[in-house]
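All chains should be modelled from the sequences, with the hints used to inform the complete structure.
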Amino acid sequence: MDFISILSIFVLACFVGYYVVWSVTPALHTPLMAVTNAISSVIIVGALIASAASGAEVAKWLGLVAVALASVNIFGGFAVTERMLAMYKKKG
Amino acid sequence: MHEGAPVNPWVALAYLVAGICFILALRGLSSPASSRRGNRLGMLGMAIAVVTTLITHEIASPIELGAAIAIGGVIGFVTARRIAMTAMPQLVAAFHSLVGMAAVLVAAAAFLNPGAFGILGPDGEILSISRIEMGLGVAIGAITFSGSVIAFLKLNGNMSGKPILLPGRHVINLGVLAGILGLIGYFVTDQSPWVFWTVTALSFVIGFLLIVPIGGADMPVVVSMLNSYSGWAAAAMGFTLHNTAMIVTGALVGSSGAILSYIMCRAMNRSFISVIAGGFGAVADSGGSGAAIDRPWKRGSAEDAAFLMSQAEQVIIVPGYGMAVAQAQHALREMGDKLKEHGVRVKYAIHPVAGRMPGHMNVLLAEANVPYDEVFELEDINSEFAQTDVAFVIGANDVTNPAAKTDKSSPIYGMPVLDVEKAKTVLFIKRSMGGVGYAGVDNELFYRDNTMMLLADAKKMVEEIVKSLD
Chain S
133 MDFISILSIF VLACFVGYYV VWSVTPALHT PLMAVTNAIS SVIIVGALIA
183 SAASGAEVAK WLGLVAVALA SVNIFGGFAV TERMLAMYKK KG
Chain R
426 MHEGAPVNPW VALAYLVAGI CFILALRGLS SPASSRRGNR LGMLGMAIAV
476 VTTLITHEIA SPIELGAAIA IGGVIGFVTA RRIAMTAMPQ LVAAFHSLVG
526 MAAVLVAAAA FLNPGAFGIL GPDGEILSIS RIEMGLGVAI GAITFSGSVI
576 AFLKLNGNMS GKPILLPGRH VINLGVLAGI LGLIGYFVTD QSPWVFWTVT
626 ALSFVIGFLL IVPIGGADMP VVVSMLNSYS GWAAAAMGFT LHNTAMIVTG
676 ALVGSSGAIL SYIMCRAMNR SFISVIAGGF GAVADSGGSG AAIDRPWKRG
726 SAEDAAFLMS QAEQVIIVPG YGMAVAQAQH ALREMGDKLK EHGVRVKYAI
776 HPVAGRMPGH MNVLLAEANV PYDEVFELED INSEFAQTDV AFVIGANDVT
826 NPAAKTDKSS PIYGMPVLDV EKAKTVLFIK RSMGGVGYAG VDNELFYRDN
876 TMMLLADAKK MVEEIVKSLD
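Residue numbers (my numbering), protein chains in the order written: chain S, 133 to 224; chain R, 426 to 895.
It should be emphasised that the hints constitute simulated quantities derived from the structure, not laboratory data.
Warning: the hint list may mix true and false statements.
Simulated pairs of lysine-lysine, DSS-like, Cα-Cα distance not exceeding 30 Å [to be verified]: (1) R:Lys847 / S:Lys223; (2) R:Lys763 / S:Lys222; (3) R:Lys885 / S:Lys223; (4) R:Lys892 / R:Lys723; (5) R:Lys885 / S:Lys221; (6) S:Lys223 / R:Lys849; (7) R:Lys723 / S:Lys221; (8) S:Lys222 / R:Lys885; (9) R:Lys892 / S:Lys222; (10) R:Lys723 / S:Lys222.
Right, here's the structure in full:
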């Protein structure tokens with residue numbers, strides 16, 4: 133993919149983000165932060181590629197540590213969001 | 426992935442699907458009813474992204490990867506299960522720091538081994554555009570990391586919540602920022618390791634310098650801002666890796682944090698720049714409040730409060746950070762239940778900056794089993810105070826100060842506040858008459874004829890009121 137197509141995806145995604153986030157109810161702003169935290173750990177994709185790096189031992193270990201850190205976030209972020217959301221109940 | 430490498434359209438499609446799952450995850454949060462489905466979609470998106478990478482890239486040995494994921498996963502999962510809801514702001518700050526660190530590590534790995542990421546040009550050097558992306562990625566990641574660590578220490582009480590002001594900090598900060606940007610520019614022409622590592626080191630320093638002068642009460646803005654940065658860091662790395670899932674996610678998270686920062690700033694009537702410049706609440710300690718001490722005020726007991734509220738038609742409860750500190754949410758809900766038994770209508774009013782992060786109070790009330798349809802935002806409930814018998818303020822201060830509407834000299838002038846003083850009676854729980862809110866200003870509300878001060882620990886006071894209601 134060339135830079136311009138990537139940039140287009142990015143800019144359009146920013147607009148999507150803008151409208152989607154404004155539609156989030158303020159009562160759920162804390163879960164919103166927790167879940168955005170979890171999904172931003174999609175950076176694990178980069179970490180997985182780095183950890184493969186044959187021939188570059190240091191890069192590989194950096195990658196593995198990044199995989200572990202991102203995993204804390206993925207599991208922790210989704211689990212804590214799930215826990216919070218389960219608490220929101222209607223009357224009765 | 427890059428020029429020359431075979432591009433598998435299915436891989437690109439899978440990352441796109443993951444990105445869509447993430448959009449739907451956020452979309453689900455538009456109402457509590459759809460939110461859990463949204464969260465599941467988020468998990469699905471993450472699984473798709475990870476599995477796609479695992480089957481389409483050369484990866485480390487399954488044992489090493491499995492160990493890394495298991496260690497991280499267990500730590501994350503156990504922490505998420507055990508953490509107290511009142512500690513949510515510091516948990517989120519800690520999680521942000523991890524995203525930042527992961528971005529730094531990935532950028533460093535890409536710099537050390539560019540071939541694996543497909544960012545080498547035909548001349549064997551890293552592509553210029555990738556150098557900029559990588560430089561920005563590592564800089565934003567490092568700022569996110571060190572900034573979040575400071576935010577965590579402040580929120581967790583390991584570090585004073587008071588703003589710490591260095592002399593000449595604006596000049597230092599701007600200088601360091603200019604240095605980082607200049608070096609990233611220079612990185613395009615010279616890919617020597619020292620450039621990359623200096624950018625990284627300076628970015629760690631600036632993250633620290635930026636957050637240290639910001640006081641505890643401005644933390645909702647800081648936490649939102651760092652949330653935004655963690656997104657931009659992921660997006661920058663997505664550019665480097667040409668990965669749609671990362672770019673879409675980064676853009677979503679980046680805008681999410683930016684919008685939350687904006688909402689928080691608006692709720693304090695302060696500009697983003699003034700929050701980031703820091704120091705709010707540090708200057709007001711020096712004096713000015715002395716004149717107010719002798720003004721008359723009324724003190725009430727738990728029995729008085731119980732009597733007043735049980736006779737009321739409607740009570741609006743206004744919680745603030747003090748409720749979180751005292752862990753009074755469960756006792757508060759019990760009080761609400763008792764009042765309902767007396768035929769009183771009970772509602773909760775939440776100011777956007779109550780607490781230490783956006784939505785902090787809502788989560789605590791939800792934890793205490795307060796139904797979310799009894800909890801209202803400022804603009805939805807403010808007109809109701811005039812027809813309300815009792816406004817019950819617990820642990821909130823500045824967000825109820827009428828001076829924000831009338832006193833032009835007040836530091837909080839212009840901030841939208843809850844009109845509690847319009848209620849027939851205001852019950853205000855406070856530890857003592859001495860302390861002031863985070864803005865360092867005295868609250869007009871304490872001295873009004875219709876205000877009754879309940880001086881005690883918030884939780885104890887509420888528990889006593891519950892007893893008196895029997």
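Hint check:
1. Restraint check for lysine 847 (chain R) and lysine 223 (chain S): satisfied, since their Cα atoms lie roughly 27 Å apart, inside the 30 Å limit.
2. Between lysine 763 (chain R) and lysine 222 (chain S) the alpha-carbon distance is near 18 Å, which keeps this suggested pair within the 30 Å criterion.
3. Straight-line distance between C-alpha atoms of lysine 885 (chain R) and lysine 223 (chain S) comes to about 27 Å, which keeps the hinted pair within the 30 Å bound.
4. Proximity of lysine 892 (chain R) to lysine 723 (chain R) is assessed by CA-CA distance (about 22 Å); at most 30 Å being required, the pair is judged to hold.
5. Under the criterion of a C-alpha separation no larger than 30 Å, the hint pairing lysine 885 (chain R) with lysine 221 (chain S) is consistent with the structure, at around 26 Å.
6. A distance of roughly 27 Å separates the Cα atoms of lysine 223 (chain S) and lysine 849 (chain R); the hinted pair therefore holds under the 30 Å criterion.
7. At roughly 38 Å between alpha-carbon atoms, lysine 723 (chain R) and lysine 221 (chain S) are farther apart than 30 Å, so this suggested pair is violated.
8. For the proposed pair lysine 222 (chain S) and lysine 885 (chain R), the alpha carbon gap of about 28 Å is at most 30 Å, so the pair holds.
9. Restraint check for lysine 892 (chain R) and lysine 222 (chain S): satisfied, since their Cα atoms lie roughly 27 Å apart, inside the 30 Å limit.
10. With a C-alpha separation of about 37 Å, the suggested pair lysine 723 (chain R) and lysine 222 (chain S) falls outside the 30 Å cut-off, and the hint is violated.
The structure fails to meet hints 7 and 10 from the earlier list, while all remaining hints are met.
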